Amino acid sequence: MCAQVRNRRTNMSADDGNPRAVAEDIKRKTKEVLQSREHANNITDILETAQSDEDVVTAASLSALQKIFSTLLGRKEVYRGKLKGSDEELADPKKQYSRWLGQCYMDALEILLHRLAHHDNSDIKELALLALLKLVSAEGKHPTSKSGADQSNFPLRLFQLIIDKLMSSEADQSAVIGRFQDYFQYDDIRLFTFVSLHKNLRTVTKEFTRQPPDTYLHNVHTLLTQVQMPGEGGDLSNLYVSPTDPEAECRPKQLKEQRRAFTNAWLSFLKNKLPSSLYRQVLLTLDQAVIPHMSSPKLLIDFLTQSYNVGGAISLLALNGLFTLIYKHNLDYPDFFRKLYALFEPSVFHVKYTARFFHLADVFLTSTHIPAYLAAAFIKRLSRLSLSAPVSSLQMVLVFISNLLRRHPNCQVLVHRSSGEGLGSDPYDESEPDPAKCKAMDSSLWEVKSLQHHFHPDVSQAAVLLGKPLAPLEADLSQHLELCTSEMFEKDLTTKSDQVPLEFHVPKGLFGPKDQFHSIWDTEPPTKKHKTVTS
Amino acid sequence: MKHKHTSKADFVRKNKKKAQADVKSNPFEVRINRQKHNVLGKKLRRFDKGMPGVSRSKAIKKRKATLLQEYQQRDKRNQFVDRRLGENDPEMTLEDKMLQRFAMERKTHHEKAGAFSLNEDEELTHFGQSLSQIEKFEEPDSDSEDDATGKLSGEYVKEAHFGGFLTKKTSKDSGEEKSDKPKSRQEMIEEIIAQSKQRKHERQNQKEQTDDLREKLDQQWTDQLHMLVKKANKKEPKEDKVKPEADDYDIMVRELGFEIKAKASDRLKTEDELAREEQERLQKLEADRQLRMKGLTQEDIRQQQQNRHVSADDLDDGFDFIRPERLQLAYKDGKLLLPEGKELMPSTSDADQKPIKRKHHSEAASGSEADQSEDEDMEDHSDEENSDQSEGEGSDQSEEEEEDDDGSDLESDRSTDDDSQEEHEEEGDEEDIDKEGSKEEVEEEREENTKRKQETEAMEKISKKERKAIAEAAKTELPYTFRAPESLKDLMELVEGQSYDRQLLIINRIRKCHHPSLAEGNKKKLQNLFSILLEYFGKLANQSPVAMEMIDGLSIHLYELAQQSPGPSADTVQTVLKNKYHKFDSVCQRKGRAVYPAVDTLLLFKLVSVIFPTSDFRHSVVTPAMLFMAQILTKCPVTSGRDVACGLFVCTLFLQYVSLSKRFVPEVINYLQGLLYLVVKTESRKAAAAEVIQPFKHTGAQGNLLVLQEPDDSGSMSIKPLPLDYLSKNPAQDTDTDDFRISATHATLQLTNMFANMYKNLPAFHEIFSPISDLLSKHLLLAAYPQEVQDGRSQFVQLMTDHHSQATYPPLQYEKLKPKPLKLYEPKFDEDYNPERKMKGSRKQKEKERLLKMHKREMKGAVREIRKDAQFLARQQLQEQMDKDAERKRKVKEIMHHLSSQEGECKQIAKKKIKIM
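If you read the protein sequences in the order shown, they are chains W and D.
Residues in the first sequence are numbered consecutively from 1, following the numbering used here.
Residues in the second sequence are numbered consecutively from 1, following the numbering used here.
None of these hints come from the bench; they were simulated from the model.
Values in this document were obtained by computation on a predicted structure and should not be read as measured data.
All residues carry an ideal CB built from backbone N, CA and C; glycine is no exception.
Treat the hints with care, as some may be off.
[Said to hold, decoys possible] In the SDA-like style, the derived pairs of lysine to any residue whose C-alpha atoms are separated by at most 20 angstroms in a straight line are:
1) D:K591 <-> W:Q479
2) W:K199 <-> W:T225
3) D:K580 <-> W:E490
4) W:K352 <-> W:C484
5) D:K294 <-> W:F504
6) D:K816 <-> W:G420
7) W:K491 <-> D:A874
8) D:K729 <-> D:R618
9) W:K468 <-> D:K820
10) D:K49 <-> D:A65
11) W:K449 <-> D:H803
12) D:K697 <-> W:E345
13) W:K352 <-> D:K820
14) W:K439 <-> D:E87
15) D:K97 <-> D:T108
16) D:K591 <-> W:E345
17) W:K508 <-> D:I506
18) D:K512 <-> D:Q564
19) D:K524 <-> D:P545
20) W:K199 <-> W:V56
21) W:K439 <-> W:L465
22) D:K580 <-> W:T485
23) W:K491 <-> D:L705
24) W:K449 <-> D:M758
25) W:K468 <-> D:L817
26) D:K848 <-> D:Y833
27) D:K62 <-> D:K818
28) W:K352 <-> D:K591
29) D:K818 <-> W:R417
[What the hints assert, rightly or not] To give a feel for the contact side, a few chain D residues facing chain W, derived at Cβ under 7 angstroms:
30) G41
31) I556
32) V665
33) F696
[As the list claims (entries may be wrong)] Pair ranges (Cβ atoms, derived):
34) D:R864 <-> W:P469: 42 to 50 angstroms
35) W:Q461 <-> D:K269: 39 to 47 angstroms
36) W:E474 <-> D:R77: 50 to 58 angstroms
37) D:Q543 <-> W:P469: 53 to 61 angstroms
38) D:A784 <-> W:P469: 53 to 61 angstroms
Based on the sequences and whatever the hints tell you, model everything.
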């Protein structure tokens, strides 16, 4: 009788095709499957509906599959092993049933993974991900004999599949990864994410011989940046899949393991050639988010030196990470100052990271143990650059120079040479890449002297200060770093003397008769011009 | 010796009374500091006398009450709290305290006693009456008082007090008349009342009598006075009759006496003098400008002047003679050398000098003079005039015509007036508004206003066509007065449909009607007019063929209005600039690059240079404007011909802004370099590896903007100055032609040359221009260009090579500071010393000094107090130790005594025993 009813119902659902009704139907079927084995055939129906195009139907069937299989896994009715066996086993209906269930389970996983990788609707993707993760937990709770790699019971194989699908090379998975972020609080998920990501990256790079597509790299980067690494001495016992022996030491509980996995994942990611926007993002976050959590940060040196050699903005950004390595991890980097010297070029004032760069440069040059010739080279280079720098940066440059002069009193010959004759030309060689050979010490800061005639009063005053014996205290660079033109504009507007001087030459018009404009511009009103032509 | 004694004694005596009044102190306690010199009239200072003993004991007492208490409580947890009533209230007197305590005690006692009493509320009675009530009545009545004085009258006291035994006899006498019975209480009271009434009545009577008497006396006096006055007045009427009538002669004399004598008036200035004054004024203004350019304030200058020369004996005390400025006589090329801003006074032979037009100027002067600074121009002026004179007075017609548009502002004013007079002859008379005529003017205005109102009402009804007709009619006859427009809309209503000449006339009339001297509030109206005109200026500038005549006229008006109220107009320009900049900057923030602003902004920059001096070191309008312009040159990428034109315009503006001050603008050099880079052919650009700085890029949309398309035909093209039309967003002329490219290249080269000439003296000149020089000498040979362009290039290259060969790079040295003279401690004299006056210095300074002094004193006092506290505590501890020691000694002694006595007894007993034995 039951079967009759079922048949009728299925017919009905097939007939009307209303997605909501179908969804209802799926729900009912799920209940039935869970109630008794009689209705096990419903599973095949659900597997079918899971491939439908209707979102509602798909969603319902995906959740149904998750519900069915997590319960069935709990009941240990699903056989998960190699599908070979003797005839006796086949003869046993119970075993046959569980085998069949195992097959269905495999199908279900396939469908879910497929949905996760290729679906237009991110909600469905998220749903698939959640279902898969539930199944991961169900598998972990009821492990088959050989499911986990070690005692942790974690179903690594399934998880690897999930990560593989998540790191799609075709679609942007950032929304789904955002959902995945909630699970990173579990230490085992975090660890195994890194492990499988590492594996995935290896296979993918092999697959794409030259370079993996940008979307893939973006996906990997989003996943990597989502993870919050635990700090030193944090408790690492928050596990998603509880092991059989809760007290036992397992991989996820060891910070060392976590860090190693993290490092491996990052390194294999950085081996790829990154698109420039991603490159910049990576470099920006590297020293804050990555280096502190690495097992051995020195492994990053290849990447950083490579980026440092790229030139332009990338080099500026690589400075930051490089500095951290040098400063905190005892990295010995020959030619560092030479390369830094090369970074000082006119475009440095026009990029986004000017303030950051000068802040770092200030830090690098803080040491008073730097040889004087080096400091002099930097000073001279900067002053040369200042001739083409925009107004907003000039104050900062001048303060920078004055601070360097203070730190290296030997360099003060650049602004004050008590004896010496006039030279035919500036001895400083601009094109020389080696600061040791550029003869900066023989030169003087004529550029700064010229800047004393700069049109903006603040700049001019700052330059005039350099023409006098310097006060012993260093000026604060930080307040000039972020100075922008609009701030200067506002300041100039507000500085108001009580009297506003006025021009005393009485004008004859907007362009007076003696105007310099006349040699370049034709400012005569058209009618008058006409008159002059006729006369 | 004796003298001192007496002085001390005197002092003591003097202060004796006071001291007695204050404290009854022992004169030996008073201590007086000995004065070295006895100065008459000098007041004794605070610390010259005092009573150290008294104050010391006071201090000790205080310490005992506070510090000692604390000291004694130092290791104790428990505290003794005084809960006695009023003990902590310092304001209560001892008596109050006792009273309160007593009341409290009574209360508690009462409560306690009452706790067990059973019938507290019972009232004792006697014959059904409360005993307490009865008691009250039985008291003898003593509260009747005399109503006048409030005291008992003597008689009553005599009789009533002490049972009246003092007056027994008299009472007997009186009693004999009535009865021997003692008077009842009621009677006594009545008697007293009657007596007092009687006394009152008597007093009244007496008063009335004296009043009468006085009135009587008065009456008599007036009678007598009348008689006296009559005698005195008898002579007067006779004199009145004698006085003769005024003579003609007398009147004449009087009149002449009172007539206003002609006053000496100022001589009218000759034209020569006027011109000289004008020149002096200009000289002074120019000198001011020079100072502002260097960023010096008036005070700096004064200081500079004062500290020009410092002798070795200078004390650096700010005391110096102000030396007159002296010039050294020097000649160069046969001309007298003069420092900037100084000029020879024009000789009287220049009396009939005439303003010369620039045409002559350039003829007379060499070609390079075109970009000379204006002060030099002014110097040249006189020379040229001389030459002009030598040419002969035979000035032709054209010269006289030109006289009108050049010359001083006075003349120009007059000429504009003349113009208007010619145009509207009938109106001309009324147009010149004098102050005397202001009243009439105002009335007229009022009438005009009412008329206008009616008109506008009427106008609304009239259809458009009719309005046009009326406008036509109005064109022929303009009203003389206008109300001040409130907004641009108002102004537009006034000038709508008028020709530009008439519009200017209207604005002129508005300004005249609302001259600040005519009425209060006019100044405000004119300030408002300024902002409206500025708005109108922007509107006109954005029209696609820019109406230059109108803009010229407007800028003159704006200039003159700004002269009347500099502050508010600067504010207005600032706000306009600010708005424009914010618009520009927001785009820049969003996209990282910006677009060239519209023509109105560019022309506004020009207007700023017309109204305000651009050479000031810091100026509240000009400096922001320059920043804005620099920002335009760095942030706006060049993508079209219009962009090139705008950039060139801004560069030219910069040229003009800094032409006097010769300030360095890196942005312009970068920009010119970028433009020249664009001229280089695209193929050979890579070879020109010169650094191109923002907004230019090595590659990009700018591409072939300035590269000639047909280089073969361009050699013969003529070069014209760029029309302003290129600046507008949709120019009438196409910028995508070789014609434009050549003109733009030419302009760029011209500007480069001008800037190079200007910056010739900068120490880093070569470094500044080396990128451009590289570009021009190696990659940009311009062979296909017209000759003028090639000339421009070669001129620049020549300049660079010349400079390079001459260039010297002297090593930099710090600015030489004035050596500080040694201080010679000679007394500093104050010429007009006045002991009455307090110390010099500003109020702030004095206040600071006072506070510092106070702080020092307090600090000293506090330290002294702390030291005294420590001494006190040490003394206390010593005392305690001594007490302890003494106690111990006493105890030891006692014990020893006890022991010895015991021992003694013991021995005695032993002796006894021995004896016994």
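Against the structure, the hints:
{"no.": "1", "hint": "D:K591 <-> W:Q479", "result": "violated, 25 angstroms"}
{"no.": "2", "hint": "W:K199 <-> W:T225", "result": "holds, 18 angstroms"}
{"no.": "3", "hint": "D:K580 <-> W:E490", "result": "holds, 13 angstroms"}
{"no.": "4", "hint": "W:K352 <-> W:C484", "result": "holds, 12 angstroms"}
{"no.": "5", "hint": "D:K294 <-> W:F504", "result": "holds, 18 angstroms"}
{"no.": "6", "hint": "D:K816 <-> W:G420", "result": "holds, 16 angstroms"}
{"no.": "7", "hint": "W:K491 <-> D:A874", "result": "violated, 63 angstroms"}
{"no.": "8", "hint": "D:K729 <-> D:R618", "result": "violated, 33 angstroms"}
{"no.": "9", "hint": "W:K468 <-> D:K820", "result": "holds, 16 angstroms"}
{"no.": "10", "hint": "D:K49 <-> D:A65", "result": "violated, 27 angstroms"}
{"no.": "11", "hint": "W:K449 <-> D:H803", "result": "holds, 18 angstroms"}
{"no.": "12", "hint": "D:K697 <-> W:E345", "result": "holds, 15 angstroms"}
{"no.": "13", "hint": "W:K352 <-> D:K820", "result": "violated, 49 angstroms"}
{"no.": "14", "hint": "W:K439 <-> D:E87", "result": "violated, 89 angstroms"}
{"no.": "15", "hint": "D:K97 <-> D:T108", "result": "holds, 16 angstroms"}
{"no.": "16", "hint": "D:K591 <-> W:E345", "result": "violated, 24 angstroms"}
{"no.": "17", "hint": "W:K508 <-> D:I506", "result": "holds, 19 angstroms"}
{"no.": "18", "hint": "D:K512 <-> D:Q564", "result": "holds, 13 angstroms"}
{"no.": "19", "hint": "D:K524 <-> D:P545", "result": "violated, 33 angstroms"}
{"no.": "20", "hint": "W:K199 <-> W:V56", "result": "violated, 35 angstroms"}
{"no.": "21", "hint": "W:K439 <-> W:L465", "result": "violated, 25 angstroms"}
{"no.": "22", "hint": "D:K580 <-> W:T485", "result": "holds, 14 angstroms"}
{"no.": "23", "hint": "W:K491 <-> D:L705", "result": "violated, 37 angstroms"}
{"no.": "24", "hint": "W:K449 <-> D:M758", "result": "holds, 16 angstroms"}
{"no.": "25", "hint": "W:K468 <-> D:L817", "result": "holds, 9 angstroms"}
{"no.": "26", "hint": "D:K848 <-> D:Y833", "result": "violated, 23 angstroms"}
{"no.": "27", "hint": "D:K62 <-> D:K818", "result": "violated, 60 angstroms"}
{"no.": "28", "hint": "W:K352 <-> D:K591", "result": "holds, 12 angstroms"}
{"no.": "29", "hint": "D:K818 <-> W:R417", "result": "holds, 19 angstroms"}
{"no.": "30", "hint": "G41", "result": "violated, 48 angstroms"}
{"no.": "31", "hint": "I556", "result": "holds, 6 angstroms"}
{"no.": "32", "hint": "V665", "result": "holds, 5 angstroms"}
{"no.": "33", "hint": "F696", "result": "violated, 11 angstroms"}
{"no.": "34", "hint": "D:R864 <-> W:P469: 42 to 50 angstroms", "result": "holds, 45 angstroms"}
{"no.": "35", "hint": "W:Q461 <-> D:K269: 39 to 47 angstroms", "result": "holds, 45 angstroms"}
{"no.": "36", "hint": "W:E474 <-> D:R77: 50 to 58 angstroms", "result": "holds, 55 angstroms"}
{"no.": "37", "hint": "D:Q543 <-> W:P469: 53 to 61 angstroms", "result": "holds, 57 angstroms"}
{"no.": "38", "hint": "D:A784 <-> W:P469: 53 to 61 angstroms", "result": "holds, 55 angstroms"}
Checked against the numbered hints listed earlier, the structure breaks hints 1, 7, 8, 10, 13, 14, 16, 19, 20, 21, 23, 26, 27, 30 and 33; every other hint is satisfied.
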